[in-house]
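Number of protein chains: 2
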Amino acid sequence: MEPYRLTATQAVSQIQAGTLTVSAYVTSLLSRIEQRDEAVQAWAYLDRELVLRRARELDVIPPGERGPLYGVVVGVKDVIYTKDMPTQHNSPIYKDDAPALDAGCVAILRSSGALILRKTTTTEFAATITSPATRNPHDPARTLGGSMIRPASFNGVYALKPTWGAISPEGLKVYSLTLDTLGLYARSAADLELLGASGNSEAKGVSGMRFAVLKNPRAAFPDPGLGSQHAITKAVALLREHGATVDEIDNDTVWPDFDQMPTWHRTVMTTDGRVALDEQLAGQVENKGGFTHKARLAALDGIAALQPRVDQVLQGYEALLTPSVPDEAPVGFENTGSAAFNSVWRALHVPVVNVPGFQGEDGLPVGVSLVAPRYRDRHLVRVRAAVGEIFEAQGGWRPKNHIHD
Amino acid sequence: MEPYRLTATQAVSQIQAGTLTVSAYVTSLLSRIEQRDEAVQAWAYLDRELVLRRARELDVIPPGERGPLYGVVVGVKDVIYTKDMPTQHNSPIYKDDAPALDAGCVAILRSSGALILRKTTTTEFAATITSPATRNPHDPARTLGGSMIRPASFNGVYALKPTWGAISPEGLKVYSLTLDTLGLYARSAADLELLGASGNSEAKGVSGMRFAVLKNPRAAFPDPGLGSQHAITKAVALLREHGATVDEIDNDTVWPDFDQMPTWHRTVMTTDGRVALDEQLAGQVENKGGFTHKARLAALDGIAALQPRVDQVLQGYEALLTPSVPDEAPVGFENTGSAAFNSVWRALHVPVVNVPGFQGEDGLPVGVSLVAPRYRDRHLVRVRAAVGEIFEAQGGWRPKNHIHD
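So the sequence lines, in the order shown, correspond to chains R and X.
Residues 1 to 405 (UniProt numbering) make up the first sequence, in order.
Residues 1 to 405 (UniProt numbering) make up the second sequence, in order.
Source of the hints: derived by calculation from the structure; they are not laboratory data.
Check each hint, because a few of them may be wrong.
If several chains are the same, the list does not tell them apart, and a pair holds so long as it fits within one copy or across any two.
In silico DSS-like links for lysine-lysine, alpha-carbon gap of 30 Å or less [claimed, not checked]:
#1 Lys294 - Lys204
#2 Lys95 - Lys83
#3 Lys215 - Lys83
#4 Lys234 - Lys215
#5 Lys204 - Lys215
#6 Lys234 - Lys204
#7 Lys234 - Lys95
#8 Lys294 - Lys83
Nothing here was measured: the structure is a model prediction, and the numbers come from that model.
Could you build the full structure based on these sequences and the hints that come with them?
Structure follows, in structure tokens:
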């Protein structure tokens, strides 16, 4: 198999065994990028010479001195500072801006032996829904999506949006102080575990596990498409088939304020963004929504009061199942698709994973989200390994490791 | 008067009138720094040539194109990125580190016409209590203090710690995501208004205003010294003398959880710091305090639940009076003095101002804090103008514009 087709876990294993060098791995990745770059346009910055030099530097490190992420190759979204590459936020203001600074997460990756391959595209400041030129690799007529769970669903890959604050946002361009969350994409559940340091987990099936779905999701999650309805129905059926219990949480009764979450999220995001971006994104700065400090505090306090009550209910389950997106990646590039199904969990600060495995009417991937209480990230990664095995095998859409020819 | 003795408001006024140039102002400041630098040691970085060049650049801007902060000269704490000066965090890790990056607040200052004079010293990452070499300008045997309200009290200057999030922390080295707050120091109440854009406020006295003090502050604010007890007693007496009402808030009854704030603050700060600094500050990383995720969430949720209830009670008053520090600046440099009186308000995210005017047994300055509900920052600055006039005139210690010969 061409090295570029390997998951990170597989590549690391070959590098450890001495059958693959970091340079050979990177060379293969670069050749694949060259083949696909014109169609996908995923890179905001890529310096081939720099990357090959870093690979050679890693190759000469003696085995005993290699870090825990030695041989892992990572792309970094272009709103996160990297000291050897420009950081441009997809904004004309920061064109060719190259502060010699590594974000905290990048510094940790480097010191653990990972190689930073390139900067990936972003919407402007990761804050608008205006899409960069990037195409969906499964269908060049469609959007790739915007941030974390949504693009993971659109592209059929794994993603972990951890508990808010679990990964330091130091060195990330701040948009919303209370909502911004750094997360991870990976080709496989094992790759996420590798990066998330969750320890190896053997997937032991879901028999006896208890899951939940929301009884009345409509107000907080409006307009689900056929793709997501089908995915949730099938996911629930598969879990039951494999011996798990799936209960309904009567959110209208236990969390009567849950339906306010979309409004509260929008209020907090807009008012946070106004402080962060000042005069940069005019519409939000000019406060077109008319959000007052009073509305902001009501939103912040409302969310804060709901957080522990959501945690408490979710403690009773392995995970809550919820749609990752309304449907498949939409056709066109005017926007990166609806984030309506993600904002509630983001504001609640709970960890979310996207599990691929299902598909929409056009045969494109649709994922399902698993949600757990705050700081149950590692637990969630373990549950996903068990769930993911079933969804991948029987969901109907087989993840193709993000690669189409 | 030598230009270095002017408040920022006075200097701006002379520059606007054409009787002072930015270059002449800066030259005077630099000569004063040269005189005092050996004794005070306040600068982490100062490049005289750079500053004079910037001053000349400002001088040639035509009057019609000058920003709202034209002629204001600012020092920036060395945990905030400045693109033309190194940012070293008082840490050997970042020695001579000069990422070409302006923090959001610095970018706004520059684009408004302010001149960044130099970087001021900090404790390591602004996170430890280990003091830099800096001396208290009023007594070289004493500490300058650490952060915001406390050093303002120790040095007899004005300070505003705004509502959390009111100034974007973008470009500030993150220590605690939920507690870090950027603030302002100034020589006079008018200077704070200038920087805080609160609009001009005429101090119209305090007659008819309603203030509050805590009835049982001991558990949350242990071990007040004679200096702070005297300051509060005198502050209350002066306000009543001038026609204001000062009530007691029975915090044991209205906020029975208030006494947990020091513990909650410590828990959040320690667990936030563990994420931010990773392996940099070993003691906190190693989790010597043994804080669990459960303890962290209890603290976060406890604070979040208390915030709106504190706001609600404080809405009934112009401001709450509370000690800024236990006492005068302590002798010695092992630490920067107790922050016990500040952490509760920091965690509650409420705005706090230090008003100088009182003194301790050794004749050194002791300030009093005014506290208002979240986002009542501008109101607080206006109240302070009225209160500050009285405290400055009759409190017993006269602010000497931060300058001793």
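Consistency of the hints with the structure:
1. Lys294 - Lys204: Between. Shortest inter-copy distance 27 Å satisfies the 30 Å Cα cut-off; intra-copy 49 Å does not.
2. Lys95 - Lys83: Result: close both inside a copy and across copies, 15 Å intra and 15 Å inter.
3. Lys215 - Lys83: neither (48 Å within a copy, 52 Å between copies)
4. Lys234 - Lys215: within (16 Å within a copy, 60 Å between copies)
5. Lys204 - Lys215: within (28 Å within a copy, 58 Å between copies)
6. Lys234 - Lys204: For Lys234 and Lys204, the Cα distance is within 30 Å only inside one copy (20 Å; across copies 70 Å).
7. Lys234 - Lys95: For Lys234 and Lys95, the Cα distance exceeds 30 Å both inside one copy (46 Å) and across copies (56 Å).
8. Lys294 - Lys83: Close neither inside one copy (40 Å) nor across copies (36 Å); limit 30 Å.
The structure fails to meet hints 3, 7, 8 from the earlier list, while all remaining hints are met.
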